[in-house]
Amino acid sequence: MARIKVIEEKCTGCGACVDACPFGAIRVEEMAVIDEEKCTLCGACVEACPLGALELEEVVRTGMDTSKYRGVWVFAEQRHGKVSGVAYELLNVGRRLADDLGEKLTAVVFGPIGEDAVRELIYRGADRVLWADDERLAQFHDDTYAGVLAEMAQAERPEIILCGATSIGRSFFPKAAAKLGTGLTADCTGLEIDKERRLLVQTRPAFGGNIMATILTPDHRPQMATVRHKVMKEAPRQEGREGEVVKWSPRPENLASRTTLVEFVEEVEETVNLADADIIVSGGRGLGGPENFALIRELAMLLGGAVGASRAAVDAGWIPYSHQVGQTGRTVSPKLYIACGISGAIQHLVGMQSSDVIVAINKDPEAPIFKVATFGIVGDLFEVVPALIERLKRRKG
Amino acid sequence: MDIVVCIKQVPETTEVKIDPQTKTLVREGIPGIVNPFDMYAIEEGLRLKERYGGKVKVLTMGPPQAEDALREALAMGADEAVLLSDKALAGSDTLATSYALSMAVRKLGYDLVICGKQAVDGDTAQVGPEMAEHLGVPFVAWVRKVEEVSDGKIKVQRLMDDGYEVLEMPLPALITVVKEINEPRLPSLRGKMRARKAQIPVWTVEDIGADPSRVGLEGSPTQVVRVFTPERRAGGEILQGEPEEVADKLVEKLEAMGVI
Ligand SMILES: Cc1cc2nc3c(=O)[nH]c(=O)nc-3n(C[C@H](O)[C@H](O)[C@H](O)COP(=O)(O)OP(=O)(O)OC[C@H]3O[C@@H](n4cnc5c(N)ncnc54)[C@H](O)[C@@H]3O)c2cc1C
Ligand SMILES: Nc1ncnc2c1ncn2[C@@H]1O[C@H](COP(=O)(O)O)[C@@H](O)[C@H]1O
Chain C
0 MARIKVIEEK
10 CTGCGACVDA
20 CPFGAIRVEE
30 MAVIDEEKCT
40 LCGACVEACP
50 LGALELEEVV
60 RTGMDTSKYR
70 GVWVFAEQRH
80 GKVSGVAYEL
90 LNVGRRLADD
100 LGEKLTAVVF
110 GPIGEDAVRE
120 LIYRGADRVL
130 WADDERLAQF
140 HDDTYAGVLA
150 EMAQAERPEI
160 ILCGATSIGR
170 SFFPKAAAKL
180 GTGLTADCTG
190 LEIDKERRLL
200 VQTRPAFGGN
210 IMATILTPDH
220 RPQMATVRHK
230 VMKEAPRQEG
240 REGEVVKWSP
250 RPENLASRTT
260 LVEFVEEVEE
270 TVNLADADII
280 VSGGRGLGGP
290 ENFALIRELA
300 MLLGGAVGAS
310 RAAVDAGWIP
320 YSHQVGQTGR
330 TVSPKLYIAC
340 GISGAIQHLV
350 GMQSSDVIVA
360 INKDPEAPIF
370 KVATFGIVGD
380 LFEVVPALIE
390 RLKRRKG
Chain B
0 MDIVVCIKQV
10 PETTEVKIDP
20 QTKTLVREGI
30 PGIVNPFDMY
40 AIEEGLRLKE
50 RYGGKVKVLT
60 MGPPQAEDAL
70 REALAMGADE
80 AVLLSDKALA
90 GSDTLATSYA
100 LSMAVRKLGY
110 DLVICGKQAV
120 DGDTAQVGPE
130 MAEHLGVPFV
140 AWVRKVEEVS
150 DGKIKVQRLM
160 DDGYEVLEMP
170 LPALITVVKE
180 INEPRLPSLR
190 GKMRARKAQI
200 PVWTVEDIGA
210 DPSRVGLEGS
220 PTQVVRVFTP
230 ERRAGGEILQ
240 GEPEEVADKL
250 VEKLEAMGVI
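Going down the list, the protein sequences come from chains C and B. Under numbering that gives the first Met the number 0, think of the first position of the first sequence as 0, with each following residue one higher. Under numbering that gives the first Met the number 0, think of the first position of the second sequence as 0, with each following residue one higher.
Treat the hints with caution; some may be incorrect.
Claimed, not checked - Dumping the calculated BS3-like pairs for lysine-lysine here, alpha-carbon to alpha-carbon at most 27 Å:
#, chain 1, residue 1, chain 2, residue 2
1, B, 144, B, 54
2, C, 232, B, 252
3, C, 81, C, 103
4, C, 178, B, 248
5, B, 54, C, 370
6, B, 54, B, 191
7, C, 194, C, 67
8, B, 152, C, 178
9, C, 232, C, 81
10, B, 196, B, 54
11, C, 81, C, 246
12, C, 334, C, 395
13, C, 178, B, 106
14, B, 196, C, 37
15, C, 246, C, 194
16, B, 252, C, 370
17, B, 54, B, 152
18, B, 252, C, 392
19, C, 395, B, 252
20, B, 248, C, 362
21, B, 196, B, 106
22, B, 144, C, 37
23, B, 248, C, 334
24, C, 334, C, 362
25, C, 334, B, 154
26, B, 106, C, 395
27, C, 178, C, 246
28, C, 4, B, 86
29, B, 248, C, 392
30, C, 246, C, 103
31, C, 194, C, 103
32, B, 154, B, 54
33, B, 86, B, 196
34, C, 362, B, 252
Unchecked claim - Non-contacting residues of chain C with respect to chain B, defined by C-beta distances greater than 12 Å in every case (computed):
#, residue
35, 8
36, 9
37, 122
38, 296
These are calculated hints, taken from the structure and not from any lab test. Quick caveat, the model's predicted, so the values are computed rather than measured. Ideal Cβ positions, reconstructed from N, Cα and C, are used throughout, including at glycine.
Bound-form chain C, shown alone:
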């Protein structure tokens, strides 16, 4: 059985591992002592030990023959017939990874999206598009999406498959990974190739962004990851770029879904949804009442952004839950996040602290939101926001 081994001859009891352990599983009694009950074998201590006194005892993993797997795939998500922006972000990362490996980049796309949209995937960097152009894949269902993707991967054996960490991606991709019996790393914010070992180095936040973890899938293929939306840039467009389009006819059993769609109810009051927005303006309890969300909406509209909210505002019934940002709401990372009348409780911060630029408007100079704000404005939002709206209207002319 696997465990962390303390090499007695080398350990001086310096305690570097105690500090490094995210799980409080190590104490020093002359030497490091591992509490196996708490240890998750994450390896942080092994990394931190300056003396090489800790070792993760070798484990024999039941892997597969990895040499037969080649090429990088990205799943190009479409919704209501339109390819999502996240697909172009994946093509950008995928292109870099494929080049580092000296392999081809394939975009996988499901449903009748039309020749133009398929060509666009090639303009954005795909060498090849694997297209399951079937009406039954127009609507997202976990059974069909996971089934068809696994079927393709079993036949063609890519070494890497990436998917957006969207509502759709985070639902069916784990199912596909389980079908393929391989590992999956969720919600990655960094992807690199370890060229020596031909491995995908996946970095992702955990504990609400309080720690980062680097994860490998050494002995299983494909290496699969979902990638956080809006962290990577969209691939540049090269009109006229050439590539191959391969139509895929899925096996009939993979086109049958056990879930059936009864209806879809569109529920975005603004024109942009939180997941896609480059700019988000959020309101909290400081707004004092539902009617004051009009201010937030107006500011968001002027900036072409979406409206977010703190849990306090949602719980008070001022705005629907789909707008909630934070631990029990959505995680967002737009280019600009403007928090109005939000104190910045840790549960809110974990949902938005990876935004590029954060603006906080709050009348309490001690509010924790100022600790993460790029620009802080200490003042009454009922004065500052209208002034901002006026200023932006003038700018638009």
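Got chain C; can you put chain B with the ligands on it based on the hints?
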């Protein structure tokens, strides 16, 4: 209807602090709580039982102290609880965890499995969907409402990025739930008493008939090779002045940075 609710004990996020000197997580003496999303899963299980009859069984996989999480669910009104605990499970990633849980769920017997949307420690949201695959049952993630259960079918609303979808599927099935679905109840005094006295069986890998090579570190395709603290955002600049002045300054700065 037999309902199995899968819950996980996680460290309280509010308490997860970074030591300013060592820049690592301080976890000493941090209380374990039931993963917040799993509270909604428990509550939904209880509500469905109240509507349609049956039993609510809670299951957790974790170290011995994870038993506390199960007692909390019992106090809320769950009928049975099982702790899946075995050293051989340490180091399990989502594939191995979901496999082990699926074996325990089979042994418990079920018409519906309810999971939280995600656990707030690992933040993966993968265990639910992977478990559905191991069990071979249909599933829907991000459920914000169970509309009804009838004729061996369940009808639910799934929260999407652009609205919600109403979906139907046959039982047995698995769902993962979001916060919007309900408001978890507080445990009653009687419930607490019952929970304190309850005997909680502990199952091992052998008890659930799991293949030992598919659990623990050995059965986990992913490997965490490094854990580190991200660079903290430095607190920025405070803009001062009358509202009109700060509005001007802010717009200028945002324009200069190219974000608007
Ligand atoms: C398990 C769990 C999960 C949670 N998940 C989430 C989550 O997902 N998302 C989330 O947001 N929260 C979450 N919370 C709640 C979180 O702890 C806070 O309670 C919440 O974020 C507070 O919202 P708020 O900042 O709007 O309200 P408050 O904390 O009340 O802050 C209001 C702020 O507005 C300021 N203000 C008031 N009037 C004005 C004015 N006129 N002008 C300017 N400023 C003004 C005040 O100074 C204050 O700082 C969670 C809590 C728990 C326990
Ligand atoms: N160790 C565990 N024991 C029981 N249930 C779990 C465990 N890990 C995850 N789950 C369930 O799976 C959901 C998603 O967890 P995760 O994939 O870790 O984000 C949780 O909300 C739980 O319902």
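Hint check:
| no. | hint | result |
| --- | --- | --- |
| 1 | 144/B with 54/B | 20 Å, holds |
| 2 | 232/C with 252/B | 22 Å, holds |
| 3 | 81/C with 103/C | 24 Å, holds |
| 4 | 178/C with 248/B | 54 Å, violated |
| 5 | 54/B with 370/C | 47 Å, violated |
| 6 | 54/B with 191/B | 18 Å, holds |
| 7 | 194/C with 67/C | 17 Å, holds |
| 8 | 152/B with 178/C | 24 Å, holds |
| 9 | 232/C with 81/C | 19 Å, holds |
| 10 | 196/B with 54/B | 19 Å, holds |
| 11 | 81/C with 246/C | 18 Å, holds |
| 12 | 334/C with 395/C | 20 Å, holds |
| 13 | 178/C with 106/B | 21 Å, holds |
| 14 | 196/B with 37/C | 26 Å, holds |
| 15 | 246/C with 194/C | 32 Å, violated |
| 16 | 252/B with 370/C | 19 Å, holds |
| 17 | 54/B with 152/B | 18 Å, holds |
| 18 | 252/B with 392/C | 17 Å, holds |
| 19 | 395/C with 252/B | 16 Å, holds |
| 20 | 248/B with 362/C | 18 Å, holds |
| 21 | 196/B with 106/B | 24 Å, holds |
| 22 | 144/B with 37/C | 36 Å, violated |
| 23 | 248/B with 334/C | 18 Å, holds |
| 24 | 334/C with 362/C | 24 Å, holds |
| 25 | 334/C with 154/B | 38 Å, violated |
| 26 | 106/B with 395/C | 64 Å, violated |
| 27 | 178/C with 246/C | 23 Å, holds |
| 28 | 4/C with 86/B | 15 Å, holds |
| 29 | 248/B with 392/C | 15 Å, holds |
| 30 | 246/C with 103/C | 17 Å, holds |
| 31 | 194/C with 103/C | 16 Å, holds |
| 32 | 154/B with 54/B | 20 Å, holds |
| 33 | 86/B with 196/B | 26 Å, holds |
| 34 | 362/C with 252/B | 21 Å, holds |
| 35 | 8 | 25 Å, holds |
| 36 | 9 | 20 Å, holds |
| 37 | 122 | 25 Å, holds |
| 38 | 296 | 17 Å, holds |
In summary, the numbered hints that this structure violates are 4, 5, 15, 22, 25, 26.
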